[in-house]
Each structure stands twice: as structure tokens, then as C-alpha cells.
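Colleague: Protein chains in written order, with numbering that gives the first Met the number 0: chain A, 0 to 248; chain B, 0 to 221.
The hints are simulated quantities; they were obtained by calculation from the structure and are not laboratory data. Note that the structure is predicted; figures quoted are calculated from it, not measured. For each residue, glycine too, the CB sits at the ideal point set by N, CA and C. Any given hint might turn out to be false.
Derived, one-sided and incomplete: chain B residues facing chain A with beta-carbon distance under 8 angstroms [claimed, not checked]:
| hint | residue |
| --- | --- |
| 1 | Leu10 |
| 2 | Ala14 |
| 3 | Ala70 |
| 4 | Leu80 |
| 5 | Leu82 |
| 6 | Leu85 |
| 7 | Val134 |
| 8 | Phe135 |
| 9 | Val138 |
| 10 | Leu140 |
| 11 | Ala160 |
| 12 | Ile177 |
| 13 | Ala179 |
| 14 | Ala193 |
| 15 | Ala197 |
Some chain A residues judged to face chain B by a derived CB distance under 8 angstroms, without partners named [to be verified]:
| hint | residue |
| --- | --- |
| 16 | Ala37 |
| 17 | Ser80 |
| 18 | Leu134 |
| 19 | Thr163 |
| 20 | Ala166 |
| 21 | Ile167 |
| 22 | Leu178 |
| 23 | Gly180 |
| 24 | Ser183 |
| 25 | Ser193 |
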Amino acid sequence: MSEQNCLVANDWVCGEYLRSRSQELVDATVQHVGITAASVAIGVLISLPLALLARRRRAFAGPVLGVTTVFYSIPSLAMFSLLLPLFGLSVTLVITGLVLYSLTILVRNILAGLQAVPEEATEAARGMGYGPLRLLWEVELPLALPALLAGVRIATVSTVALTTVGAIVDYGGLGTLILDGLDSDFKAQVLTASVLCVVLAILADLLLLGVQRWLTPWTRVAAGRASRGTRIRKAAGAAEARETPEKVA
Amino acid sequence: MSAISGAYEWLTTGANWQGEKGVWHRLAEHLYFSGVALGVACLIALPLALWLGHIGRGGTLAINLSNVGRAVPTLAVLVLLTLTPLGRHGDVPTLIALVLFAVPPLLTNAYVGMREVDRSVVEAARGMGMSGGQVFARVELPLAYPLVMTGLRSAAVQVIATATLAAMAGEGGLGRIITAGFNLQDTPQVVAGAVLVAALALLVEVVFVAVGRLLDPMRGRA
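Looking at chain B on its own, in the form it has when it is part of the complex (with noise of 0.2 angstroms):
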């Protein structure tokens, strides 16, 4: 298969990763947008989500937010934005579109971690004399963590994969080595722009799971 010791070909050339359009300038580009909009999102989405929980308010909103996600195209949210007077300022089309993919699994995965919290620990707890905010902080808060990190791994991965879609939409990121190949109908350089994009979706997935379990405030206990 040449295409495949082509793309090994390709990532051990030391000149493909200098320079503007490079690995590692593309790669820190990649990270920039994904940890900006990241960080956008957890802001907006968690402290929403986990007080809509506290309250039991606002199911509906967090269970199809996450159906209305899945049906909208990425690239086309990416590309209208684009055609938009947003699209002469550079990153902000890609930045307000990786905000808006990564705000419905947070958002949904916080709100029913909360809402799952056993109810008659919550009762307990407030039996116990407990106030609304240390119910929320001793109680709900551990035992919805599980959820809520699955939320931020899915929202990470898919702000890694819609990183990735940006190229398409002509700005920066690691997809620039993928749609670049394939402009140059340079499959080695395709395949392994392709496989430097899955690498990193797995390595934040990993990443992610790690981090998760090395925090969970419930670890170690029953």
C-alpha cells in the first residue's frame, strides 16, 4: 500500500513540520481554537447546567438541545459563519462555532448527572440540616461527577473533530494538512494529515478519562 509508507514517508520528513504550514504550527493553532472554545463552553454551559440541576428545572431544554445538535451539519454552521461579516475577523467563526458543538454534551451530561443524584440522599442530607448550597457542594456535586465529566470528554472530542472541520472552512487547524493534501491530490500527505487529526482525538479521549478518574472526589470511597 504506497499511500501508507507514503504518509509514513511524509510525517518522518522533518521539513513537513517547520515552518507556517507545518505540523507543529498547525497543531498549536488546533489546540489554541479547541481549548479557547472549551473554555467558553465549560464557562457558559456548567454553571447553567448544574444549577438547572440543583433546581429540577429546564429537563426538556437539556435533553433536546442535544437531539438539535446532532441533526445541525457542522460544516454548514461553519460555513455560513463564515459568509457572514463575522468571516473577515479570522478565528471568531470557528471559535463561536466549536462554543456552540461543545455547549450540548456538556450541558445535557451536568444536567443529568445532577438530576440522577439519588433523591433520598438529597433529603437525607437536608434532613441532616444541610443549606441549599452545601447540598449542592458535599452532595450533589461528588456523585454527579462521573456525568459531568463524561460531558466535557465528549464536548473535548467533539471540539477536537470540529477543530478539524474548520480547514474546510478555509481556517487554520490540523484539517489544513488533510484539505491541503487533497488539493495538491497528494494522498500520502492526506493520510497522514488524517492520521496526526485521529492520534489527537484519541489522545484527548485518553487524556480525559485519565484526568477524570485521577480527580473523582468519590475515589476510593464505596
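One chain only, chain A, in its complex shape (with noise of 0.2 angstroms):
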């Protein structure tokens, strides 16, 4: 009965909303990781092919970078809105949206991690007979994944985060629940699903870093050599930090 009160009494931490409201909530996390996901994964699709011509022609680098940049410096609030009088009140209205932000991040992290591939290694499979396509395939993009990856990971973080803003059209996935829970002012399902929109975004990092470690398995060997290894992930770290803008709200 006294956790039955928990309800009545507005409680932030409630036991029995967990209980009796589980379906709602396991449907708003549902949408959530889908709505992230299908847009991470066609901000890939988009940025790869982009990434790929910026690479290729300089003149084409620039206004990619450009626009890209400028989509992201729109409130996510505004970008939603914007989009409404295309796409109406829709799933396809989010989803949208928050592809235009991922594509800034994934579109620098691709290219930058081309460019990194290093010139001998390009020059040594040109020179073993590789036609540009099996190059690509076999010898850049494998070499480039760490950072695309990486890409992956800091886009999808912000994505899960983003996502609560569709509540403005109701497909905010866990956001939904948030702005409900402020119109009714009900504390318990406030937080809770605050913090399975925080617990979302930390398992889906670990799990694209264990899909990272799994996929470049090279990468940590020669961590491991170089004695520096920690000094030069710390490195990387701080370089990620300094190359990718921050997306928030």
C-alpha cells in the first residue's frame, strides 16, 4: 500500500509507476532506439559517398564541410519546425533531422580518417595491381575505420539525446514521456525516463566501442607495442575533442 502512495504523493523515485506504467516505458525506449539508430545509420550511408567526393575534389570539400556546419549550428528545436511544413507530423520529421546534425560529425571523421591512411600503404597496393575500388574496400576503409567509428559513436551519444526533442511532434521517444510527465507534473516518470535516455546513450557507446575493438583488433596491438600507448590514445582523445563541435540542445 505504501508504494501505492508513492503516486499519490508525487514521489521522484517510485516503485509502482515502474510497475504499473512498464509497457508505456519499454514503448518509449523502443521508439527511442529506433528513431536513433534508422538515423545513424542513413547519416552513414549519406556521409560515407559524401565524405568519399569532398576527398576526391577539393571544390567540393569546402561547401560540403560548409552546409553541413551550418545545419548544425540550427536549434534542434527550430530544425524540427523547419522541416514540418515537408514532412508534416511524422517519424520521417525527426528522423530527418537529426541525419542533417549527424552528418557533420560523420562527414569530418570519415574524411579525416581517410586522409590519414598513409600514403605507402596506397602506393604499395597500387602497386601490387589493386584498381581503385578493391583499394577502397580492402585498404583505406579498413584503415579509416577506427575513425569513422569513432564518428559513429560520438554522433549516436548526441543522437540519443537529441531525440527527446521530437516530443515537440510526439516522436521524442523517451522525451515524449519527459514533456507529459512536465504537463501533468509527474515527478516519477520525469526522471525515470531522463535517466534511461542517460543509460541509453552509455550502452550504446560501449557497445559501438566493443564493436570498434572487435572490427580493429590491429589497433590496440599496436597500442600495446608502442610504450607510449596511454600518452598517445590521451593524444587522440584530446584531438577528438578539439575536432568535433559539440551538439547539445
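Both chains come to you apart, so use the hints to assemble them.
Modeller: Encoded structure:
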């Protein structure tokens, strides 16, 4: 009976809320994960060719980086609202906005990764008779993979957070619960959904870190061999912080 | 596209700019929130980051803080703060949320900027007999300046964007034009509000880039 009371008392933490509304929480989480996954996946599919084109033609690189940066500085509430006439109140609207944001991070990271491929490696592959496609697929992309996946991780974490703003059109996953909780002054719902959001972001980051390690076993060998492995990783972290713009709202 | 022409009509109607819910008042609220929060965030983050960068400690803090910042949804923080007792004090939850989200870019960039100053230059300055304070003011700070300004610019754009979200938590600012448009199911007003917000964000970005270049202590030198 005392647990019933936490709903009446409007406590921040309420076990009864978790039990009675578990279906609602699961649905919102599934929607949140779906929107995030779709956005990042589409973002990767679009940014890969963009990065390849930007690398091939310098004249193309400036506009691509410029336009995606402009998208990035548009506040999320405004972005979703600007897309409203195009898509109406739909999940497509939210996903499109999130894809536009993810492009900035992904294109930059993929481009940086491709540009960091050592000249010797590509020269050697060409000398061995690799054509441009095979060179890309078997040499350049694998070597650019750590940078690409680092970009995917950053994009995913910020997309999980940004998805909440989709609540303005009722497709915000857990954000919709947060906003409803505000309207009805329902503290347990707001706190639970907020915590779930952060947990989702951390889980997604850890999952992608695992994928990164599994796909690029050679980076660990190299880091272990160099006695200053930690310092190199630290330097890489610092560089990452400098290259990647912040996007929270 | 009727929404676009409708938005244009909304923006060119003088009545929409006047009064308590008009554009000018909302813009003033927006700039007030953003200016105060950015100022407070700078007072907190810059001295700390520059000092940590000078003595070379706290790198993990600076890097991790920006990652944590990305993972925490702004909307959640705003709504949580609004529902706490702080919510009864009008602007306070918004201002706290804005400061919280402006600190990571400021701190990370200022710290990284200080640490990326060429060590041999710092050593040379010390060898010439400069004191710690002189090295800081004459060598490290001018060389770290571009990254410090990058941080300030990200923080400013961040704050403008977050101030928009304050409208979803019931506070003022330009975002209110968008949320009010949603409530009225008035798409032209939603689009007009979004155009205003996007224009403000881009303008702030451009102004900070220009001011940053103008004030660069290394401008005109090698």
C-alpha cells in the first residue's frame, strides 16, 4: 500500500510507477532506440559517399563541410519546426532532422580517417595491382575504420540526447514521456525517462566501443607495442575533442 | 508551399512583433537568458580551464566533461529543474541549465588550447627568465587564444539553442513562438519562429567568428 502512495505523493522515485507503466516505458524506449538507430544508419549511408567525394574533389569539400556546419548550428527545436511543412507531424520529420545533424560529425570523421591513410599503404596496394574500388574496400576503409567508428559513437550519443526534442511532434521516444510528465507534474515519469535516456546513451556508446574493438583488433596491438600507448590514446582523445563540435540542444 | 508564404506573411505582420508575446519581447528574453548564462559560464569555466591547462592537470576531466555533456539530454535537465523547488523561481531553472551546457565546450577547448601550446616555446620562455605568470600571459594565452575562442563560439551557439528549448519547459524566449504555434496548430507561425531562431543562431555564430578574428592577439604576425 505504501508503494501505491508514492504515486499519490508524486515522489521522484516510485516503484509502483515502474510496475504499472512498464509497457509505456518499453514502448517509448523502443521508439527512442528505433529513431536513433535509423538516424545514425542513414547518416552513415549518406556521409560515406559525401566524404569520398569531398576527398576526391577539393572544390566539393568546402561546400559539404560548410553546409553541414550550418545545419549543425540550427537549434534542434527550430530544425524540427523548419522541416514541418515538408513532412508534417511524422517520425520521418524527426529522423530527417537527426540525420542532418549526424552528417557534420560523420563526414568530418570519415574524411579525417581517409586522409590519415598512409601514402605508403595506398602506393603499395596500387603497385600490387589493386584497382580503385578494391583499394578503397580492402585498404583505405579498414584503415579509416577507427576514425569512422569514433564518429559513429559521437553521433550516436548526441542523437540519443537530441531524439528527446522530437517530443514536440510526439515522436521523441522517452522525450515524449518527459514532456508529458512536465505537463502533468508527474515527477517519477520525468526522472525515470531522463535516467533511461542517459543509460541508453552510455549503453550505445559501450556497444559501439565493443564493435570498434572487434572490427579493428590491429589498433590494440599497435597501442600495446608502443610503450607510450596511453599517451597516444590521450592525445587522440584531445584531438577528438578539438575536432568535433559540441551539439547538445 | 503555403507554409512558407504563410511564414513570410507572419513575419511581415507588424502586430506579431509587438507586445508581450511579440518577437521583440521574446528576442529580448532570449538574449537576456543567453547573455547572463554565457557570462556566468565563462566566469566559472575559463579561469579553471586556463589554470588547469597552465599547470597541466585535469586533462581527463576536461575531455570527459564534454562527452558527458553530449549524453545528457538538455530537455530532460530543463524539465527536471523546472519540477524541483527551483522551478518556482521563474528564470532560475533555465539559467542553471544554460550554464550547465555552456561549461563543457568552454572548459574543454580552453584546456586543450593551453595544453597544445608547443612545449619547446614554453621552455624557451622560461629559459629567458619569464615567471609563471609571464609565461601564462605572454606565451600560453596568446597561442591558446584560437581554441579558447572556438570554445566560446560553441558555448554561445549552444546557449542560444538551449534557450530555445526553454520554451518547451514553459519559460520564455524565441522558442515560445514555435511552441505557441504548435499549440495553435498554426504551421506558418511555427515556421516563422523556426526561421527567427535559426537566423539568430547563425548570426551569433558569424558574430563570434568575426569578433574572434578581430581580437586575435597573433593577428598580422607569422
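Colleague: Please go over all the hints and tell whether each is borne out by the structure.
Modeller: To see whether the hints hold, each was checked on the structure:
no.: 1; hint: Leu10; in the structure: violated, 14 angstroms
no.: 2; hint: Ala14; in the structure: violated, 21 angstroms
no.: 3; hint: Ala70; in the structure: holds, 4 angstroms
no.: 4; hint: Leu80; in the structure: violated, 10 angstroms
no.: 5; hint: Leu82; in the structure: holds, 6 angstroms
no.: 6; hint: Leu85; in the structure: violated, 13 angstroms
no.: 7; hint: Val134; in the structure: violated, 21 angstroms
no.: 8; hint: Phe135; in the structure: violated, 20 angstroms
no.: 9; hint: Val138; in the structure: violated, 19 angstroms
no.: 10; hint: Leu140; in the structure: violated, 17 angstroms
no.: 11; hint: Ala160; in the structure: holds, 4 angstroms
no.: 12; hint: Ile177; in the structure: holds, 5 angstroms
no.: 13; hint: Ala179; in the structure: violated, 12 angstroms
no.: 14; hint: Ala193; in the structure: holds, 4 angstroms
no.: 15; hint: Ala197; in the structure: holds, 5 angstroms
no.: 16; hint: Ala37; in the structure: violated, 18 angstroms
no.: 17; hint: Ser80; in the structure: holds, 4 angstroms
no.: 18; hint: Leu134; in the structure: violated, 34 angstroms
no.: 19; hint: Thr163; in the structure: holds, 4 angstroms
no.: 20; hint: Ala166; in the structure: holds, 7 angstroms
no.: 21; hint: Ile167; in the structure: holds, 6 angstroms
no.: 22; hint: Leu178; in the structure: holds, 6 angstroms
no.: 23; hint: Gly180; in the structure: holds, 7 angstroms
no.: 24; hint: Ser183; in the structure: violated, 11 angstroms
no.: 25; hint: Ser193; in the structure: holds, 4 angstroms
Violated hints, listed in ascending order, are 1, 2, 4, 6, 7, 8, 9, 10, 13, 16, 18, 24; each of the other numbered hints is respected by the structure.
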